[in-house]
Amino acid sequence: MRMAVQSQATPAGSEDLSAAVSMARAELVLLEGLLEKNRKQHRRGMYFMRLDRLASGLGRVLKDHQEVMTPAYERNENEDGGKDRRRMFGVCLQLEHLGSVALSCGSSLTALVARTHFMAFS
Numbered sequence: 003m004r005m006a007v008q009s010q011a012t013p014a015g016s017e018d019l020s021a022a023v024s025m026a027r028a029e030l031v032l033l034e035g036l037l038e039k040n041r042k043q044h045r046r047g048m049y050f051m052r053l054d055r056l057a058s059g060l061g062r063v064l065k066d067h068q069e070v071m072t073p074a075y076e077r078n079e080n081e082d083g084g085k086d087r088r089r090m091f092g093v094c095l096q097l098e099h100l101g102s103v104a105l106s107c108g109s110s111l112t113a114l115v116a117r118t119h120f121m122a123f124s
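Numbering-wise (the numbering used here), the sequence shown opens with residue 3 and increments by one.
One should not assume that every hint holds.
[Unchecked claim] Here are the computed distance ranges between Cβ atoms for each label pair: (1) Leu32 - Arg88: 12 to 20 Å; (2) Arg45 - Leu19: 18 to 26 Å; (3) Ala104 - Arg45: 40 to 48 Å; (4) Glu69 - His119: 39 to 47 Å; (5) His119 - Glu17: 18 to 26 Å; (6) Gln68 - Val115: 34 to 42 Å; (7) Arg117 - Glu69: 38 to 46 Å; (8) Thr112 - Arg88: 16 to 24 Å; (9) Lys65 - Ala104: 14 to 22 Å; (10) Phe120 - Val31: 27 to 35 Å.
[What the hints assert, rightly or not] In silico DSBU-like cross-links for lysine-lysine, where the CA-CA straight-line distance does not exceed 30 Å: (11) Lys39 - Lys65; (12) Lys65 - Lys85; (13) Lys42 - Lys65.
These are computed hints drawn from the structure, not numbers from a lab. Using N, Cα and C, we set each Cβ at its ideal position, and we do this for glycine too.
Just need the whole structure built from these sequences, with the hints factored in.
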């Protein structure tokens, strides 16, 4: 009885991963709504272009993650673990690139806030 319960349990890492993916999807929906609402007014701003690049990259990563995490028998593919590892490595590289894009967005937002906040003092 106890062995059957252990075999049905999910690894702790997969629960954390699914929570992170669901949070990223929620943030992507929020970010896409923000971009859609302000697209016409701010489309030429550097901060807005970086946010747009971040949203499109996050959408690609979530799509690729879903394709990689779908079992091989549901994708109608043979059991090729090497291909899945290469695809997961590609997703990791995309995430690393998105981290630098997110830092760039944050630094440009900080510069914009500082510029407008201290404008009265100059």
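Here is how each hint holds up against the structure:
Between leucine 32 and arginine 88 the CB atoms are about 31 Å apart, so this pair departs from the stated range of 12 to 20 Å. The given range of 18 to 26 Å is broken by arginine 45 and leucine 19, whose C-beta atoms sit roughly 34 Å from each other. A hinted range of 40 to 48 Å for the beta carbons of alanine 104 and arginine 45 is inconsistent with their spacing of about 20 Å. Range check, glutamate 69 to histidine 119: about 44 Å between beta-carbon atoms, so the 39 to 47 Å window is met.
Under the hint 18 to 26 Å, the C-beta atoms of histidine 119 and glutamate 17, about 41 Å apart, miss the expected range. Take glutamine 68 and valine 115: their Cβ atoms lie about 35 Å apart, and the range 34 to 42 Å holds. For the pair arginine 117 and glutamate 69, the beta carbons lie near 42 Å from each other, so the given range of 38 to 46 Å is met. The hinted range of 16 to 24 Å is not satisfied by threonine 112 and arginine 88, whose Cβ atoms lie roughly 37 Å apart.
Checking the proposed 14 to 22 Å range against lysine 65 and alanine 104 shows it holds: the Cβ atoms sit about 18 Å from each other. Taken as a hint, the range 27 to 35 Å holds for the pair phenylalanine 120 and valine 31, whose Cβ atoms sit roughly 34 Å apart. For a cut-off of 30 Å, the pair hint linking lysine 39 to lysine 65 stands: about 23 Å separates their Cα positions. Restraint check: the Cα-Cα separation between lysine 65 and lysine 85 comes to about 17 Å, which is no more than 30 Å; the hinted pair holds.
Proposed proximity of lysine 42 and lysine 65 is supported: the alpha carbons are some 27 Å apart, at most 30 Å.
When each numbered hint is compared with the structure, violations occur for hints 1, 2, 3, 5, 8.
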